[in-house]
Amino acid sequence: MTNMLEIKDLHAEVGGTEILKGLNLTIGEGEVHAIMGPNGAGKSTLSYVLSGRDGYEVTSGSISYRGQDLFELAIEERAAAGIFLGFQYPVELPGVSSTTFLKTALNAILRQRGEDELDAMQFMKRLRTHTKALNISDDMLRRGVNVGFSGGEKKRNEILQMALLEPSFAVLDETDSGLDIDALKVVAEGVNALRAPDRSILVITHYQRLLDYIVPDFVHVLANGKIARSGGKELALELEENGYGEYASGTSGIEAA
Amino acid sequence: MTSENYQAQLAENVPQTDLPWLADMRQGAADRFASTGLPDRKVEAWRYTNLKPIRAHLFDLSLGQSVNPPPALLADSLRLVFADGQLVSCPDNLPAGVRLDGMARTLAEDPGVLNGHLHGIQAIRDLPLPALNNALSRDGYVLILEPGVKVAEPIEILFLSATGATYPRNLILAGAGAQASIVEHYLGTDDCDGDYLVNSVTEVYAATGARLKRYKIQQDNPATSHIATLAGQLAADAVLENFDLNLGAKLARSEIHMALQGKGADVSLSGVYLLRDKQHCDNAILMDHVVGGTNSHQDYRGILDDKAHGVFQGKITVQPDAQGIEGHQLNRTLLLSDRAEMDSKPELEIRADDVKCSHGATIGELDETGLFYLRTRGIPEAEARQLLMTAFIVETLGHIDDDAIRGVMDALVSDWMAA
Ligand SMILES: Nc1ncnc2c1ncn2[C@@H]1O[C@H](COP(=O)(O)OP(=O)(O)OP(=O)(O)O)[C@@H](O)[C@H]1O
Ligand SMILES: [Mg+2]
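Chains as they are written, first to last, in my numbering: chain H, 1 to 257; chain Y, 1 to 419.
Treat the hints as calculated values from the structure; they're not laboratory data.
C-beta atoms are modelled at their ideal positions from N, C-alpha and C, and glycine is treated no differently.
Incorrect hints may appear among the rest.
These stretches of chain H come out as covered by chain Y in the derived footprint (C-beta under 8 Å, 3 or more residues) [stated by the list, open to error]:
1. 93 to 99
2. 108 to 121
3. 199 to 210
Cβ-Cβ distance ranges computed for the label pairs, FRET-style [unchecked claim]:
4. Y:D403 <-> H:T26: 54 to 62 Å
5. H:G15 <-> Y:A419: 32 to 40 Å
6. Y:A72 <-> H:A74: 19 to 27 Å
To list a few chain Y residues with every Cβ distance to chain H over 12 Å, as calculated [unchecked claim]:
7. L22
8. Q122
9. K250
10. T369
11. L371
12. R377
13. P380
Please build the complete structure, drawing on both the sequences and the hints.
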C-alpha cells in the first residue's frame, strides 16, 4: 500500500535561514498524526512547504504524496490532488464574499479533477449542510472572507472549507487555538466526520486537550527543525506534563517546569 | 504652436452661424484659447499630464463617416449615436416632457433653449480645453427635462470614433424634481490603430430636487487621446451621482467641476480606472461647496499594470461660512507592476468650521498572502488574481445601484481582467 505522505530528510529555508533540518515523517492512509513542539520549531513552516508557499525554499530532501513527487505540483494542483491546509492565521480577504470564495474553490477543484461543477442551487444545498453542522451563520457567509471574524470564527471557517472540499490529506495548523470549549467540540466533530480509511490528517497543536477529541494514531515532537521523538497518544500527555525542556535548542522552546 | 498659428487655425475651423450670441460665444472661446494655448505642466492642474501628444491633432477635424454602430449596451434604452462627432441616429418616440436631440439640430431649430446655458458654467469657461471645445464643437447631445419628469428608460449615448479630432458638446438641463439616468459611452471602432482625439464637454444643470445619474464608459482606441470635462451646478436638494469607468485611450483625462449651490445638494463621484501598457489616466476633480448643508463623496479606485500611469487630483473647497458640510474623498490604487506609477493628490481647502471632511489615498500591491490562501483552496493563480482585483474595486462599483448598468460595468471590468 502506498503511504499518504512520505517526507525524507527535508531541509527548507525561509529568508536564507534553515528552518527544517532533515525532517523525516511517514503518514499512512487513514491515519491521524499530531505534531507538537515549541514555538518557532518549524511546524507552520512544514505546513507551508507542504502547500507550496513561495519563499519556503526546499534545499534538499523529498516529499511524496500518494507516491507522487509533491514538488512537481503548483499550489492549486496540490489542492486539487486533495491536500488541504487549515491555516494557523486564516487570511482576511476584504471584498471577496465568503460564498463566492467557497463556490469558486469547490468548482475549481471539481474542474481540475475533471468532474462536473456545481450550479448555484446545488452548491447552496451542499454548503447549508456544512454550515449547519459547524454552526456558521448566514451573516458570516455574507461578509468578506474572514473579515471581522473572531479568532474562533476564523478557525470554524477553516473547518467549513475543509468539509466542503473533502481533502484526502488535511493539515490543521493550530486549528484549536483561540477556540472556546464548545467550538473545540464542533471543530473536532468536523474533523472526525472526515476520518476515513483513505484519508489522513495531520494536526499541529500545542494542547493535548484537542487530542482528547481528535484521537491521534501517532504523536510527534518537532523541535529544532526535526522530528525529535515519535510515539502514541500518551506522548502528548507526557509533553503536557514535562514541556519541551529536553528538546529545547537554546533560543526557542518552552522551559520545562 | 504660437498664438498666431492658433488664431489662423481657429479662424478656419470655427463653425459659422447666423446667431449673434452663438457667434460671439464661439469667437470669445477661440480668442481665449488662442491667448493661452494648451496648458503645459507648469500649470498645477496639469502637473502630471503632458498634452503634447494631442497638439498635432487639434485641428485635424473629423468629417464624420458612415459606421455600423454596435448593439446598445442596455435593453430598451433611449439611444443616440454619434459617429466621429456627428449625430447619426436619435430615438423618435420620446416620453412627454423630454427633449433629447443633437446639439447641432437644436441650435438650428430651437436655439433659444440653449442660450445662457451653453458654455454657461463659470468654473470651466476660461479653461483652455473647454474653450477649444466651445470654439470648434459641431455636435453633441442635448437633454432637457421638464420639471417633475421622471424618465423610466435609461438614456444611452454612443460616441463612436475612428479618425480625426471631435469636440462633443453636451448639455443636460434637469428641471425641478426631474429624474433620469444617462450613460455616455465613448468607443473606438474595431480598427484598432485608429489614432484620434476626443475633447468633450458635458454641462449639467440640476434644478431644485432634480436627481441625475450619469455613467461614463471610456473605451476609446488604445492609441488615442480622450479629454473630457464635466461641469455641474446643483440647486437645493438636487442629487447627482456620476460614475466614470476608464478603460481605453493612451492619454485620458477626466476633469470634473461641481458647484453645490443650494442647501441639500448632494454629489457623489465615483470611478474605476483600469490601465495597462503605457496608458495614462488623470482624474481631476474640483468639488466646490458654495453653500452650507451640502454633501459630497468621491471614491476612485484603479488597477495599474505594466508601465501605466494613473493620476488622481481631487480638491474639496468649502466656501466661507458654508456650514454643515460633509465632504469625503477616497482614492485607492493597486499596482500590479513595479513599473506602473500612481500620483495621488487629495486636497482640502476649508474656510468654514462646521464641516466634516475626510480624504485618503492608498497605493498598494496585490496581497500575496491572499493569493496564496486562495490557491491553497484550489483556485488557479489567474482566477485568484482576478478575485482579488475585483475585490479591490467592488465597493466602488457598489455605488451603481441600477442592476442593468451594474451588469454592463461588471462585464467590462471582468473582460479587462481576463485579457
Ligand atoms: N520570513 C522569515 N524569515 C526568517 N525567518 C522566518 C521567516 N518566517 C518564519 N521564520 C522563522 O522560522 C521559524 C519557524 O517558524 P514557524 O512559524 O514554522 O514555527 P512554529 O513551529 O509554527 O511556531 P508556533 O508554535 O509559534 O506557531 C521561526 O523561528 C520563525 O521566526
Ligand atoms: Mg505555527
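How the hints compare with the structure:
1. 93 to 99: Holds, because 4 residues of the stretch 93 to 99 of chain H bring their Cβ atoms closer than 8 Å to Cβ atoms of chain Y.
2. 108 to 121: Coverage by chain Y holds here, the residue count being 3 at a Cβ distance below 8 Å.
3. 199 to 210: The restraint on the stretch 199 to 210 of chain H is violated, since only 0 of its residues have a Cβ under 8 Å from chain Y and three are required.
4. Y:D403 <-> H:T26: 54 to 62 Å: holds, 55 Å
5. H:G15 <-> Y:A419: 32 to 40 Å: Holds - the Cβ-Cβ distance for G15 (chain H) and A419 (chain Y), about 35 Å, lies within 32 to 40 Å.
6. Y:A72 <-> H:A74: 19 to 27 Å: violated, 42 Å
7. L22: holds, 49 Å
8. Q122: Check passes; 40 Å lies beyond 12 Å.
9. K250: holds, 29 Å
10. T369: violated, 5 Å
11. L371: violated, 9 Å
12. R377: Given that some Cβ of chain H is not farther than 12 Å from that of R377 (chain Y), nearest at about 4 Å, it is violated.
13. P380: With a cut-off of 12 Å, P380 (chain Y) comes too close to chain H, as the shortest Cβ separation is near 5 Å.
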